[in-house]
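2 protein chains.
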Amino acid sequence: MSRYWNERVQRLEPYVPGEQPKDRRYIKLNTNENPYPPSSRAIDAIKQAADKRLRLYPDPNADELRTTCAKHFGLRPDQVFVGNGSDEVLAFSFMSFFSPENPVAFADITYSFYKVYANLCQLQPKIVPLDADFQLPVEAFCEPNGGVVIPNPNAPTGRGIPLSSVRKILEANPDQVVIVDEAYIDFGGESVIPLIHDYPNLLAVRTLSKYSSLAGIRVGFALGHKELIEGLNRLKNSFNSYTIDRLALVGAKAAIEDDAYYRDLSQRIMDTRERTIEQLERIGFHVIPSQANFIFITHREAPAETLFHELRKHGILVRYFNQPRISDYLRVTIGTDEEMEQFVAVLKQII
Amino acid sequence: MSRYWNERVQRLEPYVPGEQPKDRRYIKLNTNENPYPPSSRAIDAIKQAADKRLRLYPDPNADELRTTCAKHFGLRPDQVFVGNGSDEVLAFSFMSFFSPENPVAFADITYSFYKVYANLCQLQPKIVPLDADFQLPVEAFCEPNGGVVIPNPNAPTGRGIPLSSVRKILEANPDQVVIVDEAYIDFGGESVIPLIHDYPNLLAVRTLSKYSSLAGIRVGFALGHKELIEGLNRLKNSFNSYTIDRLALVGAKAAIEDDAYYRDLSQRIMDTRERTIEQLERIGFHVIPSQANFIFITHREAPAETLFHELRKHGILVRYFNQPRISDYLRVTIGTDEEMEQFVAVLKQII
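Chains as they are written, first to last, in this note's numbering: chain A, 9 to 359; chain B, 9 to 359.
The hints are simulated quantities; they were obtained by calculation from the structure and are not laboratory data. Given the structure is predicted, the values throughout are model-derived calculations rather than measurements. A couple of the hints might just be wrong.
The list treats identical chains as one, so a pair stands whether inside a single copy or across any two.
[To be verified] Subject to a maximum C-alpha distance of 20 Å in a straight line, what follows is the list of computed DMTMM-like cross-link-like pairs (lysine to aspartate or glutamate):
(1) LYS30 to ASP59
(2) LYS321 to GLU289
(3) LYS321 to GLU265
(4) LYS60 to ASP345
(5) LYS30 to GLU72
(6) LYS30 to ASP71
(7) LYS356 to GLU313
(8) LYS356 to GLU282
(9) LYS60 to ASP267
(10) LYS60 to GLU289
(11) LYS60 to GLU265
(12) LYS234 to GLU21
Model the full assembly from the supplied sequences, consistent with the hints where possible.
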């Protein structure tokens, strides 16, 4: 604590990201990165942009990238907002669309940054408990509230929800913004983006950090009605005009244009996921059905916290959340086949 | 306006950056970029980092870059905060250290983003008028207030203030954070960084966009007492864990390590500035004394707005602010010798 901190900073409870260790080489299954390299077209585009032009500011409006992104999703450029990772996009969204007098609804077990944003913006969260098997209670999100945030699929559980449920929530909240965080949508889920044409209150949030294997360049999107996008632009232009650097702009554009490459990676990751689930179930794990590039697992005997520490000793990082209801679970990113085989082999040793 | 915008977004008056035109080639003297290329070591470092490692998140704490930066400035790493450009650093600072009940003081003619940040954070600004010749009235900043923001040298005037004045302001405000925005300090000003050891309320803000010729990669710093830095980290980690991408991290580090290259560029820019001032004075311009990589000029006959439009037609972009007290002035970035000669030649034609 410092006498120079204002009331906001004193009150904050910052997000704690998964560790990015530097002490040794790990099999890194803790931050949901893509185990495969990014598109070579993205890397080439970045290398080609790394020259004397770096003396110049980037395009603050990211026009080319927005146009490419819009085309890819069947939208107009004014329906696309570009941010420094989906976390920045979410922060701006909380700052733009929700108000202290109207509680914003999100699940008790979900991306833990939502609570942090609510706190940052002095919002009252309305915490909606998931069912016993971590299913989203759709009806609870249809009650009056001041906004909704749902990841589809959810993190850290990996569970997806059908479009029909999202539709129901959108229709029950016509005067509130419903954010659907699609960070993990490309591993088997069904995107809400086609619904943007019908629902002016829908904001879909995307990232290049998972499916596009570009966590290192920090690009995320919000997709929605142009009024919502304009609101985000007002906020961003009152905060930082140039949030995306010249290298990220060109890398992101090239990545989106190379979707065939990524669709193939995604299929490989989903195949590995299914094989891993089978193997884990054979050694006594219960695995929540996953539409993401990670799985949420619990063992009928071995405590999750012990497994977490033992795996770490064996050079494998996974994510453990010491929180009510999920302290028996581990969140495990799907790596390559080789990495997951080693993961299962080490688990067999430990258990 | 949209029914989905909250009260904050409705109230915002976003910053308008200088244009980044795409329609034709201009001599670009409008956004204070460095006319010379960045360090080749920075470019090489970026090219070498552009590979499959981009699938991984960057270090959220920017440890290596902070260590390099701290060493360069004679500080400890816990006295350094890294942000996505100095604009983000300033936004976080306004969000962390100032409060609505205590007006934050800044000049009437200064970086126009300060007013935008104040608005974003619902702060009451205490606007201090500069003297008739744009000098900072130091005494006015020594009265009771809720924080102080001073750019040294000031923008858009280019006028610097001596360390003795900053010291006076720091001592008069022991319980408030005094931000000294040193975006342009390396073109002839005197940095406050050595004062950090004596004043826990001092926060110096730096950018790589001007002196380091890296506007394209978005890196800025805050330097100050570790309590201030911790406050900024709390805010940042409640907003976006990974604000600096892997490419910017390595490019920034290499640039700081290649300071000899940049000192030389800075000397060239200062020499060009003095030559340009001489030539402008000869054709009837009044030039405010500048310690920056730009000059603030007015002509005894030709209206600034006319000059702005005429220069544009001739392929030269400068910055014109249609604001009280400075609507007779143009802000002109110092380019290369060739660019400035052409600038003066075109002015001679126009006048």
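Quiz item: Which of the numbered hints above does this structure break?
Solution: Per hint list: 2, 3, 10 violated.
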